[in-house]
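S.K.: As they're listed, the protein sequences go chains A and B.
Under this note's numbering, the residues of the first sequence are numbered 1 to 317, in order.
Under this note's numbering, the residues of the second sequence are numbered 1 to 258, in order.
Hints listed in this document are in silico derivations from the structure and should not be mistaken for laboratory results.
By construction, the Cβ of each residue, glycine as well, lies at the ideal position given by its N, Cα and C atoms.
Hints should not be assumed to be uniformly reliable.
Here are a few chain B residues that sit away from chain A, every Cβ distance over 10 Å (derived from the structure) [what the hints assert, rightly or not]:
hint	residue
1	Y25
2	F29
3	G130
4	V177
Result set (DSSO-like, lysine-lysine): computed pairs, CA atoms no more than 27 Å apart in a straight line [to be verified]:
hint	chain 1	residue 1	chain 2	residue 2
5	A	K289	A	K271
6	B	K22	A	K155
7	B	K79	B	K22
8	B	K79	A	K152
9	B	K79	A	K155
10	A	K125	A	K155
11	A	K152	B	K22
Which bits of chain B does chain A cover? Going by a derived footprint, with three or more residues having C-beta under 8 Å, they are [to be verified]:
hint	stretch
12	4 to 10
13	93 to 102
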Amino acid sequence: MATEQTLEESCEEVVRVEGVVKDVRPGFGLVKKRILSGVSFSVRRGEVFGFIGPNGAGKTTTLKVLMGLISATEGSATILGHDVSEDEFRQHVGYLPEHPYFYEFLTGRELLSFYAKLSGVPRAKRPARIEELLHWVGLEAAGDQRLRGYSKGMKQRVGIAQALIHDPNVIFLDEPMSGLDPVGRRAIRNLILRLRSEGKTVFMNSHILSDVESICDRVAIIVEGEIRYEGSVSEFLGQTEHSTDVVLEGVSQEMVHQLAEQCQGTHRELKGRIEIRVPEKQVRLLLQKMLECDGEVISVNPHRVSLESVFMSTVEG
Amino acid sequence: MGALQRIRTLAANTLLEAIRSKVLYTLLFFALIMIGSGLLIGTLSYVDSNRIVQDVGLASIRLFGTAIAIFLGVGLIFKEVERRTIYTILSKPTSRSEFLLGKYCGLVITVWLQVVLMAIAFGIISLISGAPFGLEYVAVIGLIMLELALVVALATLFSAFSTPMLSSMFTLGIVMVGHLSRDLLAIGSQSDVPSMQMMTKLIFRIAPDLAAFDLTLQVTHGLEISQAQILYPMVYGLGYLSLLLMLASLIFSRRDFN
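With these hints in hand, go ahead and build the complete structure from the sequences.
M.R.: Below is the structure:
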């Protein structure tokens, strides 16, 4: 066991997906539909990895391949160096599916006890671990309530608790913030950050890009079953040329047109003033021109590139 | 934690689900009413009233046991896939075969528990009516329990790849053929058409020989029951249900949960 643990800890690429293809035959099976077309990416130890893409891009299918719930038509997928078709390594893996559904006849505590037994948590450690997790996800008071009476957010939180019950090294979360209110989203976000600080590797599928941007170290973007980008969030945002918004006053329309043209920018009216958006490298030129024409510079603000805007341009090609 | 303990956990959870389900109590209630009605039917009959009590009692145990086995068995795996509860279970170090076996064992225990309750009611009714209730009745009820384990295995097999509606039809159909396969074989052997003979033989070989588990006639008529009449269905039943579970496991392990 100790040797196995050392071997798994030494594996720097925690998840490796290589050329995974998934074909399905919906309906009567006469027509073949390709869901994943040679998907490849890797997740490194200790990072929060965001797997993003529009609806129907293949995010959940990829995650199901990793969880062994569906088999890949071609390609390979490994977690901690083990092929995903194996079972035993799963004691190091936690999983929260999208829109999780659990046995509603069980109470929160009973549910966690059930998963703890399946995950091989020693009997002596179970009660303390269950209480610890109920506290983490804020369900101590509802622990003896049957899941039938749980709200969507509570089910999501108990779902996260079951994914962590055996203290796994790698945690897969499929749309963990989906359907949660802002308070619930923040709680889950903090939980993920806490997991990262403990050295856990977190893989999350999401289409809530603001959350991905704020907590993920690296991302992969999947569109129509193909990976369009894999790398760090900062590099991804850096792919787009940075621009700066300069707000001016006391400049004629003709001058504005000239400035925008010379500095390769665009302009618009903003509450009686003019805002010119120019590439970062043209800011100096614009300011020089303004000094020359005696115009007034009200503000100079670097334009913040959001993950959403870069993502949209990637998706739209 | 070993495979056996995981199977036990899954079985215990399946049993708990059944215990907390109201539908089961309704079925059990009607079964107990039916067993009790043997007393009334016995008084109305001009033949041996004790035999009527026991015929009705044993038939009720078999009928309601089969109904519960099919009713719960056909949804056993299907429900887990449909509701996606299986996703989190299979993400733990639990194999698909362990899952299937755990669910199967849980349901068999549930059905057996129902049979035990019905058997207790049957025993009480027999005592009230003064009908004999000896060890041979325990053996007969034991064989009913084994037969029901086989019916659950059949339902589990269909539930591993089909909808509850289709699974119910398949399971019920096979159970009916299984009870009639000996009669069909006898009819076929008297036929002059070779293809008829071959077909009835084939049905007898493939369908479970459920008539072998039914010793009601012998016990209610006070006929002697040989060791072979008990041992044969035991060996046959265990062998047949093992094959069914292996087949179910094979099909289930290849399934994609889309």
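S.K.: Compare the structure with each hint and give your call.
M.R.: Status of each hint after checking the structure:
1. Even its closest Cβ contact with chain A, about 14 Å, leaves B:Y25 beyond 10 Å, as expected for a residue assigned away from the interface.
2. Interface exclusion of B:F29 from chain A stands, the closest Cβ pair being 20 Å apart, more than 10 Å.
3. Every CB of chain A is more than 10 Å from the CB of B:G130 (nearest about 42 Å), matching its label as outside the interface.
4. The beta carbon of B:V177 is kept farther than 10 Å from every beta carbon of chain A, the shortest such distance being approximately 29 Å.
5. A distance of roughly 22 Å separates the Cα atoms of A:K289 and A:K271; the hinted pair therefore holds under the 27 Å criterion.
6. This hinted pair checks out: B:K22 and A:K155 have alpha carbons roughly 23 Å apart, not beyond 27 Å.
7. For the suggested pair B:K79 and B:K22, the alpha carbons sit about 17 Å apart, so the restraint of at most 27 Å is met.
8. With a CA separation close to 20 Å, the supplied pair B:K79 and A:K152 stays within the 27 Å bound.
9. Our distance criterion of 27 Å between C-alpha atoms is met by B:K79 and A:K155, whose separation comes to about 19 Å.
10. Straight-line distance between C-alpha atoms of A:K125 and A:K155 comes to about 23 Å, which keeps the hinted pair within the 27 Å bound.
11. For the hint pairing A:K152 with B:K22, the CA-to-CA distance comes to about 25 Å; that is within 27 Å, so the pair holds.
12. A count of 4 residues in the stretch 4 to 10 of chain B with a Cβ less than 8 Å from any Cβ of chain A is obtained; the coverage claim is therefore met, three being the minimum.
13. For the stretch 93 to 102 of chain B, the assignment as covered by chain A holds, since 3 residues bring a beta-carbon within under 8 Å of that chain's beta-carbons and 3 suffice.
Hint compliance for this structure: every hint is met.
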